[in-house]
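Taken in order, these protein sequences are the chains called E and W.
Position 177 of the first sequence, counting from 1, maps to 177 under our numbering, and the rest follow consecutively.
Position 282 of the second sequence, counting from 1, maps to 282 under our numbering, and the rest follow consecutively.
The hints are simulated quantities; they were obtained by calculation from the structure and are not laboratory data.
Note that beta-carbon positions come from the ideal geometry of N, C-alpha and C, so glycine has one too.
One thing to keep in mind: the hints can contain errors.
Chain W is nowhere near these chain E residues, computed Cβ spacing over 10 Å in every case [as the list claims (entries may be wrong)]:
id : residue
1  : 28
2  : 50
3  : 56
4  : 59
5  : 66
6  : 69
7  : 148
8  : 163
Some chain E residues judged to face chain W by a derived CB distance under 7 Å, without partners named [unchecked claim]:
id : residue
9  : 5
10 : 10
11 : 34
12 : 42
13 : 43
14 : 135
15 : 138
16 : 168
17 : 169
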Amino acid sequence: MEIDFQDRGRWLARNLLPHEPVLRARLRRMNVYGLEVDDVIQEVYARIVSQPVLDAIQYPLQYAIRTATAIAIDHMRHTRVVPINAVGSLEQLEISAPEASPEQQLEFREEIAAVNRLLAQLPQRTREVLLLRRVEGISQRETAARLGISVKTVEKHMAQGVAALMALFGRGGKSAHRTSTPHNDIEDHG
Amino acid sequence: MVRRTFSQIERIAAEWVARRDGGLSKETESAFREWLAADPRHLGAYARAEALLAQLERVGAAGADALRAGAPPPASSSLAARLGMTRRRAIWGGSSAAGLAAAAGGLVWLPLLTRESYSTALGETREVVLSDGSLLTLNTGSKVLIHYSKEERRIVLMAGEALFDVAKNRQRPFLVTAGDTQIRALGTSFTVKLLPQEPIRVLVREGHVEVKRPQVPEAAPVELSANTIAVAPAQAPISIEKLTSAQVKRDLAWREGRIAFDNETLAQAARAFSRYSDIRILVSADVENQTVTGLYVTNDPVGFAKAAALSLGLRAEIERHEIRLSKAEGAGQ
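Next up, chain W with everything else stripped away, as it sits in the complex:
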C-alpha cells in the first residue's frame, strides 16, 4: 500500500469534516470510522481539523469582545450597533485594535465576528465584560443574546443561568427577558435562571429590579430588593421569598465552580449535578429523600457521590456515564 503524505491525509480529513458537518448516513458514518481506523495519522489529522474549527468558534465567540477590551469603544458604538454593517468601524476604532485589524488583512468578515451572543458548554462558566461595562457571568449550558441600543440595554436569556452585574446608567435601562418574564434593572446585581421544566427564577443580590410577565394576567409585576428571590411558575402569580446573604452566596457558588447544598434531598442534588456534566447520578427511590449539606465541585459528580455515600452510609456504583446511589447491602431496615 502506498503511504499517503500528511497533506493528502489532511485533504481527506477536511472532506470528512465537511461531509459529517451536514450529517452522515449510517453507511457513510461507518466508512468514516473505517477510514479513521486505517492509520493513526488519519485520526490525528481529523482531530486537528476539529480543533481548528473549535478554535475558530472560540475566537469567533470571544474575539470581538476581547479586542474591544483592549480598545474601549467610542461613544458612537451603540448607534453603530443599530446600523449593523458600520459597527465594525466603531469596534476597531481604537489604536491597538486597529493594529490587529491591519494584521488581519481584509476585514470583510468582521460584521460576522461582532455578533453578540454568548454561550457556555456543559460544565463551563464564563465571564464577559459587555460594552457598557456591565459584567455578565454565564453558568453551565447557558446562552444569551445581547441587543444594545442607544435607549436601552436588552438581553435575552435563551437558556441556563446568568448573573448580571449591571453598570449604572439611568438613561439606559437594563432589560432582561427570559421566557415570558421581563426583568428591568438600573445599577444592580442579579441572576436569572431558565431551566427546562422549572419556573423562572430571579435572584437579586444588590439594588432593585422589577419583574413582570405581560402575557400572564394572573401575575402582577413585583419589585425585588437585595437578597430576594422571585419564582415565576407558568400561568401563576410570581412568588417572592426573602433570603439570607449566606443563602444568596450559596446560590452563586457556581461562579467558583462550586455547587452548594443545604439540606437538599439526594434527588435534588442529582438534578443539580446533571446541569454540569453528562454523568448521571441515579438515586434509588428508598434513599432519594435523604439530605446532603456541603460544598462540592460542579464538574466532579463522582466526588460528590463518594462523599454522599460515605456520609450517609450508601452504596455508590460508579460507571463511566452513570453513578448509582442506593441503600448499602446489609444496612438493615
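This is chain E alone, in the form it adopts within the complex:
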C-alpha cells in the first residue's frame, strides 16, 4: 500500500500522539518480560498507519491500547516466555479503556507547551530549520538561503531535529518536566 505520510501524519498528530503518554504508562505497568515499550510504540504506529481507513477509528486511545495488547500477545507467543502475571496484567491493560478522560489526554494548550518545551531543547539552528520548513512552509532551498547555510546542512539539521523530537516526546511521561530531572544536557539558547 502506498501511504500518504503527510496526510496520515496529520491524523496521527491529532489522534494518536496526544495519547502516547497514556499508552506508554499502560505498557510500562504491563511490564512484559523482554518487551521494550518503545518497540511496541513503533509497532502500534506501524499497524495504525497501515489501516486502510483511519477515520474509521472512532476511539483512537482504545484502539491503540487494543493494538498494543495484540502486539504483546504476539510477542509472548513468539518468545514462549509468559510471565506469571502476564495474563492478569494484559486484562488490566484492556479493562478501563474508555476513551481518555480530559485529564489523561494532552489538551491542545498543553500540547503547545509541550512542543515549546521540545523546541527549547534543540540547538537554535536546528530549531530554526524545523520552524522555517514546517511552520513557515518555505522550501529547503529558501531555508538554506535565509539562514546562510547549504541545502545539505539544512537536511542535516532536519534529521537531527526530527531525531531529537522522537527521542524526547513522550519518554518519561508527561509529568517529567515537573519532577525536574537534570536532563538539560543540551545547553539553553534562550
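Following the hints, put chain W in place on chain E, whose structure we already have.
For chain W alone, kept in the frame of chain E given last:
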C-alpha cells in the same frame, strides 16, 4: 541479522524524513520503500516522525493564536506587530501566557510562531478568533494572510473561501483582497470565495461592504448590503444578485460540514464535492444535467452519490478514488 534497537531505528527514520523532505530520486525512493518494508518498526518509527512534524505544524499554525486567546493582547500589540521582532513581547505579555513562555525556556523562535497565516487542508474547516475580536472561518483548502496595523486590518485571501465576522471599529477599516478584487467593510459579516477558473464571489450576510477592482477599468465599484452576492468575472463588470436569507444560509452550510444543493445539476454538484476530498465524482454526459436538491455531508461524496443514484435511478460505481454516475442499464430511453 542483528535486531536494531528502537533508538537506532529512530535515527534512521529521521534521516529518511530529512532526505525525503528535499525530494527523492526514483532509486532513493525505492530504497526508502524497501527500508520501510523490512521491519514494521521502521514503518512505525517513520509514521511517528511524520506525526511529530505534523504536530509541530499544527501547533505552529495555531499556537500563537491559542495563547493569545488565554491572554488578551495589550493595546500596543498592533504597533508591535509592525515592528515584527518585538511583537512576541506583546503577545506573551499576559500573565498566563507568560507562565507558558517561562515553561518554554528560551523564546528565540517565537517570532516565527507568531506569523499570521491560516490555512485548511482538503475537507477541513477552521475557526480563528483574530486579535481584534473578528472571527475568521475558513472553508476547505483555503489560505489567508493577516496583516494588521494600527490604521487598518488587511487580509489577503490566497485561495479558497473564508467567512469574516468583522468586529466593529470605525477607525480601523477591514480590507480583504482576493485576486484583483478588494472588499472593504466596517462591522459586518461576509464571505469571499476565490476558486480556480471561477469568478471571485463576495456574499454579504450582514451590514455593508464595498467591492472594487482598481485594475479592471470596466468594473465600477459596487456597494453591497445584506443578502447580496457580487460576482466578479475576469475583465468584466461586477454583477450583483439579491438572495433570500434561505439561500444565504445554504451558501454557508459548509460551516457545519454540510453542502447544500437546490436544483443544482449533477455536474455542478460533482464540482462542489471535489473541493472537499480527493474522491472524484465522474458524471456521464447523458445524466449530467439532472438536478439534485438536499443537504449532504461535505466529506462524504460516496453518501451523496448513493443518494443521488437512488433518487434519480442512476447507476453508481464506487471505487477507492472515483465514483462514476451513469444511466442505469435497462432504464430505457
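Here is what the structure says about each hint:
Annotated as non-interface, residue 28 of chain E keeps its C-beta farther than 10 Å from every C-beta of chain W; the closest such distance is 14 Å. The non-interface label for residue 50 of chain E is inconsistent with chain W: the shortest C-beta to C-beta separation is roughly 7 Å, within 10 Å. Look at residue 56 of chain E: its CB is around 13 Å from the nearest CB on chain W, clear of 10 Å, so calling it non-interface holds up. At roughly 18 Å from the closest C-beta of chain W, the C-beta of residue 59 of chain E stays outside 10 Å, upholding its exclusion from the interface.
No Cβ of chain W approaches the Cβ of residue 66 of chain E within 10 Å, the least distance being about 16 Å, so the stated non-interface status holds. Once the 10 Å rule is applied to beta carbons, residue 69 of chain E is consistent with being away from chain W; the minimum gap is 16 Å. Here residue 148 of chain E stays apart from chain W, with its beta-carbon at least about 16 Å from theirs, past the 10 Å limit. A Cβ of chain W approaches the Cβ of residue 163 of chain E within 10 Å, the least distance being about 4 Å, so the stated non-interface status is violated.
The restraint placing residue 5 of chain E at the interface with chain W holds, with a minimum CB-CB distance near 5 Å, inside the 7 Å limit. The closest approach between the C-beta of residue 10 of chain E and any C-beta of chain W is roughly 5 Å, which is under the 7 Å cut-off, so the hint is satisfied. Of the supplied interface hints, the one on residue 34 of chain E is violated, with its beta-carbon coming no nearer than about 12 Å to a beta-carbon of chain W, more than 7 Å. Interface restraint check: residue 42 of chain E against chain W, minimum CB-CB distance 4 Å, threshold 7 Å, status holds.
Taking 7 Å as the C-beta cut-off, the interface hint given for residue 43 of chain E holds, the closest approach to chain W being about 5 Å. For the restraint placing residue 135 of chain E at the interface with chain W, the shortest Cβ-Cβ distance is roughly 3 Å, inside the 7 Å limit, so the hint holds. Because the beta carbon of residue 138 of chain E sits about 11 Å from the nearest beta carbon in chain W, more than 7 Å, this interface hint is broken. Against a cut-off of 7 Å between C-beta atoms, the interface hint on residue 168 of chain E is violated, since the closest Cβ of chain W lies about 9 Å away.
Annotation: residue 169 of chain E was flagged as interfacial toward chain W, and the flag holds, the nearest CB pair being 6 Å apart, inside 7 Å.
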